[in-house]
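Please model the complete structure; the sequences and the hints are all you need to start from.
Okay, here's what each chain looks like letter by letter:
Number of protein chains: 6
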Amino acid sequence: MACAAGVWKLIRQPTFGVLARLSRVGKCQHTGVMTSAVTRKQFSSDPPEHISRYPIPYKKDLPYDIVELMVEVETKGGFLPNVFKVLSHRPSEFRAFFAYYNALMNKETGALTKADRELIVVATSIHNHCLYCVVSHSALHRIYSKNPTLADQVTVNYESAQLNPRERAMLDFALAICRSDTITDAHFQELEAHGFDREDAWDIAAIASFFAMSNRLAHLTDMRPNTEFYSMGRVPREKDKDKSKGEGDDKSQCKAD
Amino acid sequence: MACAAGVWKLIRQPTFGVLARLSRVGKCQHTGVMTSAVTRKQFSSDPPEHISRYPIPYKKDLPYDIVELMVEVETKGGFLPNVFKVLSHRPSEFRAFFAYYNALMNKETGALTKADRELIVVATSIHNHCLYCVVSHSALHRIYSKNPTLADQVTVNYESAQLNPRERAMLDFALAICRSDTITDAHFQELEAHGFDREDAWDIAAIASFFAMSNRLAHLTDMRPNTEFYSMGRVPREKDKDKSKGEGDDKSQCKAD
Amino acid sequence: MACAAGVWKLIRQPTFGVLARLSRVGKCQHTGVMTSAVTRKQFSSDPPEHISRYPIPYKKDLPYDIVELMVEVETKGGFLPNVFKVLSHRPSEFRAFFAYYNALMNKETGALTKADRELIVVATSIHNHCLYCVVSHSALHRIYSKNPTLADQVTVNYESAQLNPRERAMLDFALAICRSDTITDAHFQELEAHGFDREDAWDIAAIASFFAMSNRLAHLTDMRPNTEFYSMGRVPREKDKDKSKGEGDDKSQCKAD
Amino acid sequence: MACAAGVWKLIRQPTFGVLARLSRVGKCQHTGVMTSAVTRKQFSSDPPEHISRYPIPYKKDLPYDIVELMVEVETKGGFLPNVFKVLSHRPSEFRAFFAYYNALMNKETGALTKADRELIVVATSIHNHCLYCVVSHSALHRIYSKNPTLADQVTVNYESAQLNPRERAMLDFALAICRSDTITDAHFQELEAHGFDREDAWDIAAIASFFAMSNRLAHLTDMRPNTEFYSMGRVPREKDKDKSKGEGDDKSQCKAD
Amino acid sequence: MACAAGVWKLIRQPTFGVLARLSRVGKCQHTGVMTSAVTRKQFSSDPPEHISRYPIPYKKDLPYDIVELMVEVETKGGFLPNVFKVLSHRPSEFRAFFAYYNALMNKETGALTKADRELIVVATSIHNHCLYCVVSHSALHRIYSKNPTLADQVTVNYESAQLNPRERAMLDFALAICRSDTITDAHFQELEAHGFDREDAWDIAAIASFFAMSNRLAHLTDMRPNTEFYSMGRVPREKDKDKSKGEGDDKSQCKAD
Amino acid sequence: MACAAGVWKLIRQPTFGVLARLSRVGKCQHTGVMTSAVTRKQFSSDPPEHISRYPIPYKKDLPYDIVELMVEVETKGGFLPNVFKVLSHRPSEFRAFFAYYNALMNKETGALTKADRELIVVATSIHNHCLYCVVSHSALHRIYSKNPTLADQVTVNYESAQLNPRERAMLDFALAICRSDTITDAHFQELEAHGFDREDAWDIAAIASFFAMSNRLAHLTDMRPNTEFYSMGRVPREKDKDKSKGEGDDKSQCKAD
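Protein chains in written order, with this note's numbering: chain A, 130 to 386; chain B, 130 to 386; chain C, 130 to 386; chain D, 130 to 386; chain E, 130 to 386; chain F, 130 to 386.
These aren't lab readings, by the way, just hints derived from the structure by calculation. A portion of the hints provided could be inaccurate.
All copies of an identical chain are treated as equivalent in the list; a pair is satisfied when it fits inside any one copy or across any two copies.
[Said to hold, decoys possible] BS3-like mimics (lysine-lysine), calculated; alpha carbons at most 25 Å apart, straight line:
id : residue 1 : residue 2
1  : Lys189    : Lys236
2  : Lys236    : Lys188
3  : Lys205    : Lys236
What follows is the structure, encoded as structure tokens:
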């Protein structure tokens, strides 16, 4: 049940999701009333596990809009991904970071599926040896794609992973951006040969670029992934095995609880 | 005079600057009335020079808040840096980008001077072979530092540039982040030995990380620097030679008109 | 005649089979009785899934000693790791390969635990981007160490993994060997400072060297890991949770069935 | 009992010893009679020259099968290559190593000549900066190929060496394996265009892989080549100049004595 | 006026230039009378600015032919490039260096323009991170080409610089030489496709090779560029703007005096 | 008139020719008498063996000073190293090249022995994969040092070669220059700790720099070493074995004829 909410669920639904509202960064006013129930469920209940080299602010010391987002994410997803806690050390950067994240990862248009986006993150983040991003976005890829092994394959070697040619072309381009290669018309022609137009190219490149930043922030802070991410999406739920009706692409698998 | 305002002037003054307002990304409503005079001064008057691989939107097709920012930047700085035009192709990303930029580059606290921030951008952007960022931020460094040669030295080889030990430690750390090295306590100790505390370390790293993203977006779009940037800040203005009173550190030099 | 078993015979020694025992890992229950039915259940019954670029011999075409080993490994371990099938394409090389493997990985003396050995394999195999070895030996590490996340951490970045200093020194040396660095006295001194003597150094280096070979054979054959390896050892068995008596270090965890 | 010889027995097969025959290379003449005097001339009679970082066992402390091999190799070849002494520190690994070596380097089938095999070893071992393997296998290449300069050329730069296209394709593939590149169909097509089928590809790759291991063991032990190897095969014997009948490809040239 | 002579002027005119005479290295006698006026204008008048890690000889301690050259260069060019001072520490090497420089950079035949030669120097020197050569030869390129931005573009990233295909092919080859790549027929074919014959290829390669040496000598000596080089050729002279008659390609622009 | 020999004259100085003496190396005996017959025996008499990608001029077409040098070198040394033939394609560059070579390699002062200089050439030329320079200067090192194996060791891996600490420090610095590293005070301190002063540092660096150029010219021309170089100095001459009087350090060993 909490399981059904899935962190990813939240991400998928920008219309009434919190992340979508995140993009109202700097918003002038808001009227949202936070129920006391939600308020009491704190994201800071975790043990003093090391998740960052920098201090994690107490909820009471954070701006209201950031707390509101965190509570909603945690409530719906079952746990709060550590990146929220770690980056809340710098509220103004937190807002810009998640606004950007939302603009790229929850974009509704273009040829990239949610699984595609996560695969780009995995392929580029392993290039940068970013523990947080590889582990957390591999989990998200397993959830979105229902493929429990492809992210691991891409982590080890995307060149030998079981990708279709379209995915391969997508990752080739993402890696060119990741390595800061000089991009030429040949790159775009290769993408077009696999059905990606110029706007899709921008999407791929912008995700690779954004995670070029994220990976480095994770190195700075020694950001550690939540334990949940390691096994999430690896084993099908019993319920899903019984009835494979799958109401939504992000609900059919779930971490065992 | 318009010259005196300088692009950088704008950046320096977040209190009533446009860039500061930029961080109101996603703002719910606004009441600003755009005068017709401002409207008529268009940033799109430049010839069809190649500045991006992607189309540059007509002003009339851009969201009001973006136009407002562009007009103000151009009016005050004398010209509109091409990054504004190029990224306006994606308004929501534009907003997040400049909100982030503002949070990092116009931050008022900490040990980093404006010249320091620009030097970090130059040193990391040359590592990524980013023409736009090296040329434009070398110009800004010359302006802020009043040192007409250091940015060029860092562009060629920061290890042999005439840096003081503090600047050298700052760039060593910025480059470690730029290369996506695993960051350890030893990095922080080295910084502390040169007067940078943990918050300064975050500032250095966040700038290096943000430009890891920016450099790659510039490669994607083949973003070209405005011609003005190449020579800006290289030769002292006559006026400045006569009276060296210098009302502000960012006004004393200017591109020749 | 028993003599005819040759190299292979050697592998099965230390009484009823070290390698076989190794492969019992992850198996939920077994009766120890090898029925003829089991014998008839052939390892070649798998669907024509792609596990190698080279043909997999039919059991009937393989030398007796190789078949004998395979049946025993499969019976005891629950599945036959694909490396056995793939390398059986060359029986004489198969025998030398597993004799070597056995001498290194099942060595009973020295400071290295079974988990240590697997961690060396993971750390060096990811350097070589070897899908088969990273995935299968990460599984073995999870089983032996009962640590469900460390192998994933090492896969992404052993420099930021939660290693103790002894493990870090061990992997630093393994990676020096893996990169074919020139080894100097300083390497041995560093190892000694963490409790590894010269014989342990040989063990570490020999494992790293052997997998330098294995990784490349996997690239040659496009060897694919059995699906079982991806999730093995990630989630504790119910039985283990109830009673943590642990009769053997390689039997206490198991893949969910 | 004969069974007791284990792996090692295997190596000596194809009747009186492939490895031993291999080591006859470079020997000017021999009578085939193993006098007791020769037997008494021990391989451990060499001065305490540094040939390994690890202790070299006394003959009396070595297993019988290993001594037997060493005596035969030394008797027939004129000297005992140091790799035998160095690896005898670990008898079980010694046996597996030479069983593997024998399976690859003395394989009687396929398109690779003995000189081809040695050239693969030289080209990959210089990539790994392995002194022992480059020097000793360059000597073997000179002997087998009767070409006194090609191995030196490959040592410096195989891309500019005087190779025919077939040899070039062979080394290109060997180096791809050596670098742990991801192997694709294109590699096999390139080989096929030069007359190498899939089994030849395996041979090339297995040799490159085996020496990926050997090179690293040589780094571990600081294994030093016998002085004889440096000049072996560089100058033709007088006898060979007079009558170029060449009874065998490995006997026609010899180090000057 | 002195300005009009420009250091580059000197270089351009080997017929009566000093550099051309330089190639008479080792000449047994000469009759040149040095006017007292020239003698009095000393190149050693600069402040004790750091320009080399090695001592700069006093003029009185230098061989006559070297002094003569320096005085002439300084008189005509307005300032003496520091490379003359720094290398005069070793007179015999000085003579060979400038004889070689003259043979390559002032060669009158072939397809390379003076601007082409300078561009090769810039592109290869930035690869070697040579401050002196990048800064000084970027200045010369601006002067010769009248293009105030191309050298800066090449410094950051020649792959994204606004080069025509001919220039791109020229720099591709220069960089292949610079990296010490093995040169093949394919390199020459690519050059021929852009109008460069084999002698032009030699010219390109010889310049790249000579600066491979120069760059390293600059690293040895920590050679610093004269301040004049940084801004030279960036801003058009007033006089040139008024009358664009341009009597010579190297006189139309000049450093401000 | 003799004066007309220019640069080249310089090379022949220190009385009857340092370079010529250098090339006497490896020659078994000579009478010192230059008969007209010898004069007529032209260096261009060699078969159309491939030694350069560029045409080798006929002697009759070469300037007198170049022919004079070649004849002397060939007469005294027994054969003419191919570099003389290959570079004579460009007489003015030929003169500067050998003037520079002479200034560096035949310098009479400082701490570097002739063998040291050759070792620097070998160590840096293998870094650049230059066949001509590695093979020819390995030969010269064997001659000068009377050590028949050290150059081969350095070719494979100078880090594991049997160097004394002084030689190791010398090559470490040479390689730093070779790689175009930024040189710092630490480099000089390391050298001083092994007895090299600043002038020795210049010597080491200048040789490494000069061969950075030479190696690249060899790549350009596909310059091939004379066959004599491969075996020169490997086997002691009979005469030398008998009487070890050694009149000169460059005459005591010789290629077998």
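Now the hints, each set against the structure:
Proximity of Lys189 to Lys236 under the C-alpha cut-off of 25 Å is restricted to the inter-copy arrangement: shortest distance 24 Å between copies versus 32 Å within a copy. Taking identical chains as interchangeable, the C-alpha atoms of Lys236 and Lys188 lie at most 25 Å apart only when they sit on different chains, with a minimum of 23 Å there against 29 Å within one chain. Taking CA atoms no more than 25 Å apart as the test, Lys205 paired with Lys236 passes inside one copy only; the shortest distance there is 20 Å, against 34 Å between copies.
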